[in-house]
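Hints given; two lone chains; assemble the complex.
Each chain, written out:
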Amino acid sequence: MPIRLLIRNMFSHPIRTLLTGLSVTIAVFLLCVLDAAIGGLDAAVSQASRTRLWVQSAVSLFVNLPDSYESKIKNVPGVEEVVRFQWFGGVYQDPSNFFAQFAVDARKWKESYPELEMIEGSLEEWEKARTNCIIGTDLASRFGWKVGDKVPLTGTIFPKSDGSAWDFTVVGIYESKSTSIDQLTMYFHYDYLYESLDTGAAGGPGGVGVFLTRLAEGADAATTIGAIEELYQNGPQRVRATTEGEFQRQFISMLGSVPTLLYSIGGGVLFAIFFAVLNTMLMAARERTRDIGILKSLGFTNGKITLLLVAEALTLCLVGGGIGVVLAILAERPLWSFFSAFIPGFTIQSNVIVQGVLLAAGLGIVAGLMPAIRARRLNPVTALRSEA
Amino acid sequence: MATGIDIQSVTKTYSRGGETLRVLDELELGMAGGTFYALMGPSGSGKTTLLNLIGGLDHADTGSIVVGDTRIENLDGSDLAQWRAENVGFIFQGFNLLPVLSARENVELPLLLAPLSGKQRREQAERALELVGLTDRMTHKPKELSGGQEQRVAIARAIASDPAVILADEPTGDLDRDTADSILELMQRLNKELQKTILMVTHDPQAATYADQTIHLDKGKLGHIEDNRTAATGS
Ligand SMILES: Nc1ncnc2c1ncn2[C@@H]1O[C@H](COP(=O)(O)OP(=O)(O)OP(=O)(O)O)[C@@H](O)[C@H]1O
Ligand SMILES: [Mg+2]
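If you read the sequences in order, they're chains A and B.
So the first sequence is numbered by my numbering: it starts at 363 and just counts up by one.
So the second sequence is numbered by my numbering: it starts at 35 and just counts up by one.
Only chain B is shown next, with the shape it has when bound in the complex (with noise of 0.2 Å):
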């Protein structure tokens, strides 16, 4: 059930007044199935391209990206939107909650997108934010949540629908210390628990520590990869 991550010789180029900027330049990277990734690398290195890419928001100029049994570069329009919300979950740094829905409405949106009847919904949702630690939030709406009960929110609805890919883009950027330390500890949890392939981008190396190996970028290409429970375990 684990899916792994195929990155074959990827370039992302973007236009920007005239010059162009290679984001990513023929990038060669392989994820195993149910590992957690952390991804770090300097600002402007390519980190949330290479996330939006996998994730299928963007398309890459050459290369190919295979998820599970999936290239997705031969998917388009509805397809590519059908194949995101039955795979990947997002988390993003700012949450991207919609504001007008309770917690629980916003878990249950990727579910509209999944053949199931309104209790069905209702359960699964009600079982993510179970799974998150918000069973007594389920009502409230984001602006009347703190940032950390935002990012739980965030999660469970990344998880809603049971993806076998998390791309996590800075999840813990906007928050204190104990805060990500929790966020981060879930996101083990769902690793280890749910078997979930995780891709987290971040620049704090104490979370990077939370994954299994860290994946170094540097100027759209792969610097090197560190694996943390070795190091770990080996200090």
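Same shape as in the complex, but just chain A (with noise of 0.2 Å):
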């Protein structure tokens, strides 16, 4: 019976009960995605390797560095390997298909990821043409691409001069056993590309953006990083050397500042959404100061009354905040999709499901509390005379 009150109060005003519990969803929601992007870019920061640092110009990661500097930063001491890493910015067919490719050295790029393990095709194959290519798992079915298809690429920064598309086949597709390594680039041979350049046959910077540089063994990233910057220390271009954890971080806010907006303005976003709720349920309450009253007079209780509240309102949260958490857990896989090019390891983890579940009901406890105090206090006399 209290609890058919307190379903009819719910459903007396069924617009107002179902904004305010789509408003719960919502935050929990947001809150479950907005963790699951901070997890995911922390993982892919503290799982970096430790091995590999990224050498680009002290300018910018646009800045391209002359060809010649290979040699010179592979002879510092502490460095095992540098691998060209150049990025290519190809279309697909359309601008909103957006995913990275890179031009690499097959063979040195292939030994400095051991995190990733061909799962079709192989390394042989890659080189046994230029316009060979691999590509990662997701970015497979993304597209729908087999072993044996043929990519064509729009050049955006390298547009060919016939103004023809790069043609790719796919030979081999790569799997990553690390969250801080997508599965969504497409590497090709280095050569393809500067031959292309060298004959005019197609247009762009020269030179190298990335050297990936692979630490010998035992050697102290700080000391071979601090090597390298010294060795153009005075031009003539000034090189920037980074762990690959800082590299990612440097990259994630390069893309635009998207993660960082997206947090503040979903936090802020999360923070309205508490206070809206708060005010609609307190003012939910203050429409029933009669009813409260008449239930005074009837001889409930002051804690009967704060029960039959608090019941309310974290009903409302909790209904509301399940959903959310549901759709949450539902939207992973495709917000994951749609995440992953720059937040592999997005996932929605179980810790921020209890975490949302405990915001709704906090939400509910204090929504309902605040008007049980005010009824507290609420002389019923004076209650009831307010006209309903």
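Keep in mind that the hints were calculated from the coordinates and are not lab data.
Be aware that one or more of the hints could be misleading.
Pairs of lysine-lysine residues, derived as DSSO-like cross-links and limited to a Cα-Cα distance of at most 27 Å, are as follows [to be verified]:
{"no.": "1", "chain 1": "B", "residue 1": "Lys226", "chain 2": "A", "residue 2": "Lys666"}
{"no.": "2", "chain 1": "A", "residue 1": "Lys508", "chain 2": "A", "residue 2": "Lys490"}
{"no.": "3", "chain 1": "A", "residue 1": "Lys666", "chain 2": "B", "residue 2": "Lys153"}
Residues of chain A placed beyond 12 Å of chain B at every Cβ, according to the derived structure [to be verified]:
{"no.": "4", "residue": "Phe373"}
{"no.": "5", "residue": "Glu432"}
{"no.": "6", "residue": "Gly588"}
{"no.": "7", "residue": "Gly665"}
{"no.": "8", "residue": "Thr677"}
{"no.": "9", "residue": "Leu720"}
{"no.": "10", "residue": "Ala745"}
Glycine residues also receive a C-beta, built at the ideal position from the N, C-alpha and C atoms.
Okay, here's the thing in structure tokens:
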């Protein structure tokens, strides 16, 4: 029967109840997704390789370094291997199909990435032709690409002189065993790019965007970074060397300050929703001043009235929050495929689900207790005087 | 079983904008158990205030109120609420039903505070509604009822937990003559058949004739008490 009163009260303003519940749903959903994004970014940085350094121009990631730097960096004590990495920036059919492509030294590249495993095709196959490429398993499933497929990409940084597309043949698919490395990237031969520029078949900046530098065993990262940066301290172009973790962080913030923006807006929205819900529930309770007076005149104690108000707010918030959690779990997969390009480790953790439920419960208790405290002080005589 | 009410030198003041208003001024009043009293007096003379004090909805500044053998100024908080649930039924001019509940659910409300099973509650509520003649309106919401029917539901709610005292504040104030008369007859029956002690505030002299006695309140003090039974038979 008190349950019936509770339910009847909730349904006496169905639209308001629905909107309030929906707000809690959105807040909890947002919390789960934000946490997954933050957790994924943290994992990308914390699980990043400690043996790989990224050497780039001190000016920006978009300014290339001369090819000649490769051999000088390789001679720095503590450096085992140097791999050229060039961002290609090609477009597949439509710019909205964005994914990363890098031109690399195939064999050296493979040795530097023990976390990656070829699940189809092989390195040998890749080396057979310069237009061959390998792709991550997520990229393969995104576009339905299989080994043997031809992929044409339009150059944006490196346009073909005759306006045609660059042709690539998928010969291998890799899988990543680390949450800091995505499965959404295409790697192809640096020679293919380099020779096209040399012959004038394509235009674009020369040089190399990044020298991926592998540390020798036992070498100290900080010392090696210092030594590499020291090389070109006085020009012609200063370089910046970073650990992979640091590079990931930098790369993340380079992709527009999307994540930072996401956090601050998301956090703000969460906060705003919290107060909007609280306000609505306080208003709803205020409308029931007379009802509370009636209950008091019938002999309901403050404790019972408190219980009723808290139970009502708690029910609404828990139902709303529960739906938010379920939606977040359902949305994990589609959201992941959207975020995984820059947050490979995007997962909704079970502890954030608990947090979401606790947030909803906390909101419900506060939203129920605040009017209950007011009801406690309310003189039934005054309450009964207030018009319905 | 009939419960008397004893008002001993009760004072109640309200302060408004710096000045204090003495609403009840050392009021002395004794009411016998099982009697139907009408309470009359000019607007602002403290009738509602007195009712609220007797029902424990508000506290007197000084003095003592004894209902049956309970000195209610000794009760506080949940004890007072519980005492009210067991001993007092309120009936208001504005009916004061919960709009979201049906007639029967409204009547069941005070029974939630008693140790009853759901089935017992339901039966007891139905008996109360039967007594006020509303068996065919039990599932209606207040807004689907007429004013007289709403007041019957409120009366059923007031008597559902079988309290000894019924306090009614202008129960017929919003009703037309015929409806008012039937409500007053019902109140009379509660008094005669169930031995309820009833204190009913009214502005209507004709309504007061349904009561055994009429108490006249004036400026927070007792005016005089009129015996309607002798007055009626004596004329
Ligand atoms: N909570 C309050 N605060 C201040 N003044 C109050 C309060 N309650 C009642 N009063 C004042 O006390 C006086 C007596 O009020 P009460 O409601 O008891 O009168 P009443 O006899 O019931 O009048 P009516 O016939 O108009 O209902 C009035 O002047 C009223 O304004
Ligand atoms: Mg009054």
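Hints versus structure:
1. Lys226(B) x Lys666(A): 35 Å, violated
2. Lys508(A) x Lys490(A): Roughly 18 Å separates the two Cα atoms, so the pair holds.
3. Lys666(A) x Lys153(B): Holds, at roughly 21 Å.
4. Phe373: 8 Å, violated
5. Glu432: 78 Å, holds
6. Gly588: 73 Å, holds
7. Gly665: Violated, because the least Cβ-Cβ distance between Gly665(A) and chain B comes to about 6 Å, which does not exceed 12 Å.
8. Thr677: Correct as stated: the minimum Cβ-Cβ distance to chain B is 15 Å, above 12 Å.
9. Leu720: The claim holds: Leu720(A) sits with its nearest Cβ about 30 Å from chain B, beyond 12 Å.
10. Ala745: 10 Å, violated
In this structure, the earlier hints numbered 1, 4, 7, 10 are contradicted, and the remaining ones agree with it.
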